[in-house]
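Student: Can you build the whole structure from these sequences, using the hints too?
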Amino acid sequence: MADLGQQLNDSSAKSIPEWASGSNLRHVEQDVLIPKIMREEAKILCKEYVDAFTNCAKGRTLSLVTACRNENREMKKCFQEWYFNAEFRGRCTDIYLKRREEYQEKYAHTNETAAFKRKESTVNMGKQ
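According to the working numbering, the sequence shown is numbered sequentially starting from 1.
Treat the hints as calculated values from the structure; they're not laboratory data. Because the structure is a prediction, the values reported are computed rather than measured. It is possible that some hints are incorrect.
Unchecked claim - Below are the DSSO-like pairs computed for lysine-lysine, each with C-alpha atoms no more than 27 Å apart in a straight line:
| no. | residue 1 | residue 2 |
| --- | --- | --- |
| 1 | Lys98 | Lys36 |
| 2 | Lys36 | Lys47 |
| 3 | Lys58 | Lys43 |
Tutor: What follows is the structure, encoded as structure tokens:
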């Protein structure tokens with residue numbers, strides 16, 4: 001009888017799906033999640049251009065389009081240099097695969113789920 005209980009416990013443990021292990025990538029990972037990491041990393045690498053555009057844009061509304069055209073062009077140029085760099089994409093893919101593996105180790109093996117984070121604006125809506 002104890003063997004049956006052990007078998008039930010072993011079978012209820014989650015296993016990591018094939019798509020979530022190794023270097024296999026789904027379309028959503030290739031087309032959405034990895035480019036998101038690339039944007040985050042490019043913002044760091046192009047910090048001087050992002051800061052120049054941000055400083056130009058402060059206090060402007062519609063005049064932003066014409067007044068900050070050069071800063072915007074330089075910032076986009078820097079981003080594109082990184083977006084089309086195959087080595088950079090490979091590094092960002094490695095970052096994503098590492099994060100996915102850590103998630104799978106932490107949550108799939110413990111049967112826990114990630115904590116759902118709500119936007120602060122939605123949390124405070126009912127408290128007026």
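Student: Are lysine 98 and lysine 36 close enough, with their CA atoms no more than 27 Å apart?
Tutor: Within the cut-off at roughly 15 Å; holds.
Student: Keeping to a limit of 27 Å between CA atoms, is the pair of lysine 36 and lysine 47 held or broken?
Tutor: Distance of about 17 Å is within 27 Å: holds.
Student: Within a Cα-Cα threshold of 27 Å, do lysine 58 and lysine 43 meet the stated pairing?
Tutor: 18 Å, holds
Checked against the numbered hints above, the structure breaks none of them.
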